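S.K.: Start from the sequences and build out the full structure, keeping to the hints where you can.
Residue numbers (the working numbering), protein chains in the order written: chain A, 1 to 339; chain B, 1 to 339; chain C, 1 to 339.
Be careful, since some hints might not be right.
For chains that are exact copies, the list does not tell them apart, and a pair is met inside one copy or across any two.
[Stated by the list, open to error] No more than 25 angstroms apart at the CA atoms, straight line, and that leaves these computed lysine-lysine pairs for DSS-like:
| no. | residue 1 | residue 2 |
| --- | --- | --- |
| 1 | K61 | K316 |
| 2 | K258 | K182 |
| 3 | K330 | K291 |
| 4 | K291 | K337 |
| 5 | K182 | K61 |
| 6 | K258 | K189 |
Derived by calculation from the structure, the hints in this document are not laboratory data. Since this is a predicted model, take the numbers as computed values, not measurements.
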Amino acid sequence: MRLEQIVAQLGGRLIGDGSVEILQVGALSSAGRGQISFLTNPKYRAQLKTTHASAVIVSEKNASDTEIPRIVHANPYAYYARVTALLNPPPTRAQRVHETAVVLSPLPVSVTIDAHVVVGRRVCLGENVVLYPGCVIGDDVSIGADTVIYPNVVIYPRCVIGARTIIHAGAVIGSDGFGFAKEGECWVKIPQIGRVVIGDDVEIGANTSIDRGALDDTVIGNDVKLDNQIQIAHNVRIGDHSAMAGCVGVAGSTTFGKRCTVGGAGMISGHLEIGDDVHVSGGTLVGKNLKQPGQYTAVFPLEPHIDWLQNAAHLKRLAKLAARVEELEKKLEDMSKTQ
Amino acid sequence: MRLEQIVAQLGGRLIGDGSVEILQVGALSSAGRGQISFLTNPKYRAQLKTTHASAVIVSEKNASDTEIPRIVHANPYAYYARVTALLNPPPTRAQRVHETAVVLSPLPVSVTIDAHVVVGRRVCLGENVVLYPGCVIGDDVSIGADTVIYPNVVIYPRCVIGARTIIHAGAVIGSDGFGFAKEGECWVKIPQIGRVVIGDDVEIGANTSIDRGALDDTVIGNDVKLDNQIQIAHNVRIGDHSAMAGCVGVAGSTTFGKRCTVGGAGMISGHLEIGDDVHVSGGTLVGKNLKQPGQYTAVFPLEPHIDWLQNAAHLKRLAKLAARVEELEKKLEDMSKTQ
Amino acid sequence: MRLEQIVAQLGGRLIGDGSVEILQVGALSSAGRGQISFLTNPKYRAQLKTTHASAVIVSEKNASDTEIPRIVHANPYAYYARVTALLNPPPTRAQRVHETAVVLSPLPVSVTIDAHVVVGRRVCLGENVVLYPGCVIGDDVSIGADTVIYPNVVIYPRCVIGARTIIHAGAVIGSDGFGFAKEGECWVKIPQIGRVVIGDDVEIGANTSIDRGALDDTVIGNDVKLDNQIQIAHNVRIGDHSAMAGCVGVAGSTTFGKRCTVGGAGMISGHLEIGDDVHVSGGTLVGKNLKQPGQYTAVFPLEPHIDWLQNAAHLKRLAKLAARVEELEKKLEDMSKTQ
Chain A
1 MRLEQIVAQL GGRLIGDGSV EILQVGALSS AGRGQISFLT NPKYRAQLKT
51 THASAVIVSE KNASDTEIPR IVHANPYAYY ARVTALLNPP PTRAQRVHET
101 AVVLSPLPVS VTIDAHVVVG RRVCLGENVV LYPGCVIGDD VSIGADTVIY
151 PNVVIYPRCV IGARTIIHAG AVIGSDGFGF AKEGECWVKI PQIGRVVIGD
201 DVEIGANTSI DRGALDDTVI GNDVKLDNQI QIAHNVRIGD HSAMAGCVGV
251 AGSTTFGKRC TVGGAGMISG HLEIGDDVHV SGGTLVGKNL KQPGQYTAVF
301 PLEPHIDWLQ NAAHLKRLAK LAARVEELEK KLEDMSKTQ
Chain B
1 MRLEQIVAQL GGRLIGDGSV EILQVGALSS AGRGQISFLT NPKYRAQLKT
51 THASAVIVSE KNASDTEIPR IVHANPYAYY ARVTALLNPP PTRAQRVHET
101 AVVLSPLPVS VTIDAHVVVG RRVCLGENVV LYPGCVIGDD VSIGADTVIY
151 PNVVIYPRCV IGARTIIHAG AVIGSDGFGF AKEGECWVKI PQIGRVVIGD
201 DVEIGANTSI DRGALDDTVI GNDVKLDNQI QIAHNVRIGD HSAMAGCVGV
251 AGSTTFGKRC TVGGAGMISG HLEIGDDVHV SGGTLVGKNL KQPGQYTAVF
301 PLEPHIDWLQ NAAHLKRLAK LAARVEELEK KLEDMSKTQ
Chain C
1 MRLEQIVAQL GGRLIGDGSV EILQVGALSS AGRGQISFLT NPKYRAQLKT
51 THASAVIVSE KNASDTEIPR IVHANPYAYY ARVTALLNPP PTRAQRVHET
101 AVVLSPLPVS VTIDAHVVVG RRVCLGENVV LYPGCVIGDD VSIGADTVIY
151 PNVVIYPRCV IGARTIIHAG AVIGSDGFGF AKEGECWVKI PQIGRVVIGD
201 DVEIGANTSI DRGALDDTVI GNDVKLDNQI QIAHNVRIGD HSAMAGCVGV
251 AGSTTFGKRC TVGGAGMISG HLEIGDDVHV SGGTLVGKNL KQPGQYTAVF
301 PLEPHIDWLQ NAAHLKRLAK LAARVEELEK KLEDMSKTQ
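M.R.: Quick look at the structure:
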C-alpha cells in the first residue's frame with residue numbers, strides 16, 4: 001500500500017513522497033524499509049533522526065523533526081492503530097455453519113459458525129457474527145452484529161452481547177453469582193435469575209468471567225475494555241469507556257462511572273460506588289466509595305526482603321510508636337514549661 | 001403460585017391474605033405487584049412501609065412492622081433463597097445422550113449428556129447427572145447423583161466429585177500440581193499421582209482450577225463454596241461449610257478447618273494450618289498458621305495517589321523512624337535525670 | 001519393579017537388599033511396604049528410623065542413618081522425581097486421529113488427536129504430540145515433538161510451542177494483547193500482530209493465559225514453569241529456567257532474566273527489566289526494575305483485624321508522624337543547647 005493511499009483512507013496531512021510502499025508497521029527503533037512507525041512519547045523524539053522506517057506518523061509539533069515521508073495527525077497513536085488494522089486485515093472466514101456445529105436457532109446467512117459450536121434455542125445472532133470452534137451459546141442469548149467470539153467461550157442463557165464486541169478464548173459470561181444464605185452452618189444457594197448485559201464495542205479478555213445478576217442484571221457499558229483473567233461479580237455495573245487490566249476483581253453490586261481505569265490485579269470490594277474518571281492503581285484494594293475523580297493507590301512499597309522484614313515488623317507496632325511519639329511530645333512540653 | 005402454597009411447601013407462619021398470587025422475587029425497593037421480597041438487614045426496615053411488593057418474608061420481630069401479606073420465619077434470607085428456587089426451577093433437560101457426545105462408559109438412563117461431551121473409560125455417573133456441552137470427563141472419574149457440570153469443564157482422570165455439586169463453565173479439576181525438583185538450573189517434573197476429591201453440595205465457580213495431589217489427595221469438604229477464578233494447589237484440604245470469594249489462591253498443602261471464609265483475592269501461603277472459623281479479609285496474604293478463630297487482615301489502606309506516595313516513602317524508613325524515637329526517649333530520660 | 005532395576009535405570013549407589021519389590025513412592029511418614037521414600041529436608045531425618053517404607057533415597061551424608069535398603073544419590077529429590085515417573089508412566093494413548101476431530105493439516109502418524117479437537121491450516125505438529133479433547137489449534141501454529149496439550153486448550157494462529165512442553169486444560173495461548181489508543185473518550189483497538197513463542201520443556205498451568213505480542217513476540221524461554229491462573233501480557237519475555245506460582249500477573253513488555261521465581265499472586269508492572277536470579281515473594285507488587293539478584297518483598301504483615309484497623313489508620317498518618325519526630329528532634333537539640 002502506498003503512503004498516499006493510507007492518507008486517502010484515514011486522513012491526515014502528507015509531507016514528502018506519497019508513493020513510498022508501506023507493508024507493515026514497526027517501532028521507531030526497529031522498523032526498516034517498507035515499515036511505518038509513529039511518535040507520541042517525546043522521550044523517543046531523537047529516534048526520529050535515526051529510524052530506518054520508510055514513513056512516520058507524527059503530531060503537528062514534530063512535523064519538521066524529520067525528513068522522511070510522514071503523516072501529520074492530531075493523534076498519532078490512534079492513527080497508528082488504524083494503520084495497523086488497515087495493513088493487517090482479519091483473516092477472511094468462510095460464511096457458513098460447520099457441519100459439526102449443533103445449531104437450534106435460525107441464523108442470518110452472513111454468520112460464521114465454526115466446528116463443534118453449540119447454539120441453543122431462540123438465540124438471536126446479528127449479521128456477520130463469528131463464533132470460533134467450541135463456543136457454547138445458551139438458550140435465549142442475543143449477540144449483536146459484527147461481534148467475534150473466540151474458541152471455547154461459554155455464554156449462559158439469556159445474556160445479551162452488543163455489536164462489534166470481541167470476546168477472547170475461555171471467557172465465561174453469565175455464570176451464577178456467588179450468593180448463599182447461611183442456615184446454621186450450611187449454605188443455601190440463592191438462584192441467580194438476572195442476566196449479563198454487555199454493550200457495543202466491548203472487548204473481553206481470555207479466561208475472564210462475568211457473573212449474571214442475582215435479581216437485576218450485571219451491566220458492562222459501551223466501549224468497555226476488560227483484559228484477561230478478570231472476575232466481575234453479580235450486579236456489578238461498569239460505565240462506558242472504562243478499562244481494566246489483567247487479574248482485576250470486582251465484587252458484587254459495585255458500580256463504576258464512566259472512563260474509569262483499574263490497573264492489573266486491582267481489587268474492588270462489593271457494594272461500592274466508584275464515580276466517573278476514577279483511576280485505581282495496579283495491586284490496589286479499594287474498600288470504600290470513591291466519588292471524586294483522581295488516582296488512588298494502596299500498595300506496600302517494594303524492598304529487598306531483608307529490609308522488608310524490619311519495616312514490616314515495625315508496621316505491626318505502628319500504633320504503639322505513634323503513642324510513644326505523643327508521649328514524648330507531652331514530656332517535652334512539660335519540660336519546656338518547667339524550664 | 002399463591003402465597004399459601006408457598007407456605008404449604010416451605011413452612012413459616014402466614015399472616016394476611018394467603019390467596020395473593022406470587023410470580024417472582026424482588027428487592028424491597030423495586031419489587032412490584034406479584035413479587036415477594038424479604039427483610040433481614042434492619043437498615044432497610046423503613047422500606048417495609050413503602051414497598052410495592054405483594055408479600056414479604058420477615059422475622060418474628062418485624063412481623064407487625066407491615067400490613068401486607070407476610071411469611072414469618074426465623075431466617076428470612078434462607079427462606080427467600082428457597083422461594084427463589086421454587087419460583088425459578090432449572091430448565092428441564094431432555095434426559096439423553098446427545099449424538100455428538102463420545103461416551104466410553106455405561107451410564108444410568110437418567111443422566112443428560114449434551115453435545116460434544118467426552119466421557120472416558122470406567123467413569124461412574126450417579127443418577128440425574130447433567131453434563132453441559134463440551135465437558136471432558138477423564139477415565140476413572142466418579143460423579144455423584146444430581147451433580148450439574150456446566151459447559152467446557154475439564155475433569156482429569158481418577159477425580160471424585162460428590163452429589164448435588166455444581167461446577168461452572170471453564171473450571172478445571174485435577175490438573176497437575178506445581179511440583180518440580182531442582183537439578184542444576186533445570187527443573188525435573190514430579191509426576192502428580194494424587195487425586196482431587198470433592199464432597200457433596202459443593203459449588204465451584206467459572207474458570208476456577210483445583211490441582212490434583214502430589215502423593216495424597218487434594219480434598220474439598222462438603223458444602224464448600226468456591227467462587228470464580230480461584231486457584232487451589234495440590235494437597236490443599238478445605239473443611240466443610242467453608243466459602244472463598246473470587247480470585248482467591250491457596251498454595252500447596254495448606255489445610256483449612258470448617259466454616260472458614262476467605263474474601264476476594266485473599267492469598268494463603270503453602271504448608272499452613274488454618275483452624276476452624278477463621279475469616280481472612282479480601283486482599284490479605286496469609287503467611288503463617290492461624291489456629292485461633294477470628295478475622296485476620298493485611299491490606300494497605302487506600303489513599304489518593306499523592307498521599308500514598310508520601311506515606312509509602314516513609315514506610316520504607318519506618319525501622320529508622322522507630323530507632324529515632326527510641327533515641328529521643330533515651331535523650332529525654334537523660335535530660336530528666338540531669339535536671 | 002525391584003530396587004536394583006531402578007538403580008540400573010536411574011543410577012545411584014545401592015546399599016542393602018536390591019531385590020526388594022517397589023510398587024510406588026510415598027512420604028517417609030506414611031509410606032508402607034512396597035513403597036520407596038526419600039529424605040532431603042534434615043528436619044525429617046528422625047523419620048528415617050521409624051518409616052515403614054521398603055526403601056529410601058538419601059544423600060551421601062545420610063547414607064548410614066538407616067538400615068533399610070537405600071539408594072544414595074547427590075540429589076535425592078530429583079532422583080525421587082524420576083522414580084515417580086518410572087513407577088507412574090503416562091497412560092498409553094492410541095496413536096490416531098479421533099473421527100470427531102476436524103483436522104485441516106497433514107500430520108505425522110505418531111500423533112494422538114482426541115475427540116472434538118480442531119487443527120487449522122498449515123499447522124506443523126512434531127512426532128508424538130498429544131492433543132486431548134476439545135483443543136483448538138489455530139492456523140499456522142507449530143508444536144514441537146512430544147508435547148502434550150490437555151483438554152480445551154486454545155492456541156491462536158501463528159504461535160510456536162516447543163518440544164516436550166505440557167499445557168494444562170483451559171489455558172489460552174496467543175489471545176490479543178491489551179492495546180488501545182485513546183481518542184477522545186473512546187478506545188481504538190491496536191491489532192496485535194506479534195506471536196507467542198514458547199520454548200522446550202515448558203509447563204503451563206490450567207486456565208493460564210499468555211497474550212500475543214503487539215508488534216514483536218511474547219517469548220517464554222526453555223524450561224520455564226508457569227502454574228495455574230497466570231496472566232502473561234503482550235511482549236513479556238521470560239528467561240530460561242524461571243518459575244512462577246499460581247495467580248501471578250506480568251504486565252506488558254516486562255523482561256525477566258534466567259532462573260527467576262515469582263511467588264503466588266506476585267504482580268509485576270509493565271515495561272520493567274528484571275535481571276537473572278531475582279526472586280519475588282508471593283503477593284508482592286513489583287513496580288520498578290530489579291537488576292540485582294536477590295529476594296524482594298512487599299506484603300502488608302498479617303494481623304487480627306482489630307489490630308490491623310489501628311495500625312492501618314496510623315499508616316495513613318505516617319508522613320505526619322515522621323514530621324512530628326523531626327520536630328521533636330529539633331526541639332530537643334535546642335533544649336540541649338540552652339541548657
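S.K.: Each hint: holds or not?
M.R.: Hints versus structure:
1. K61 <-> K316: neither (53 angstroms within a copy, 42 angstroms between copies)
2. K258 <-> K182: between (35 angstroms within a copy, 14 angstroms between copies)
3. K330 <-> K291: neither (38 angstroms within a copy, 40 angstroms between copies)
4. K291 <-> K337: Cα proximity of K291 and K337: none, with 46 angstroms in one copy and 51 angstroms across.
5. K182 <-> K61: So K182 and K61 pass the 25 angstroms test across copies only (19 angstroms; inside, 63 angstroms).
6. K258 <-> K189: Between copies only: 18 angstroms across chains, 33 angstroms inside a chain, cut-off 25 angstroms.
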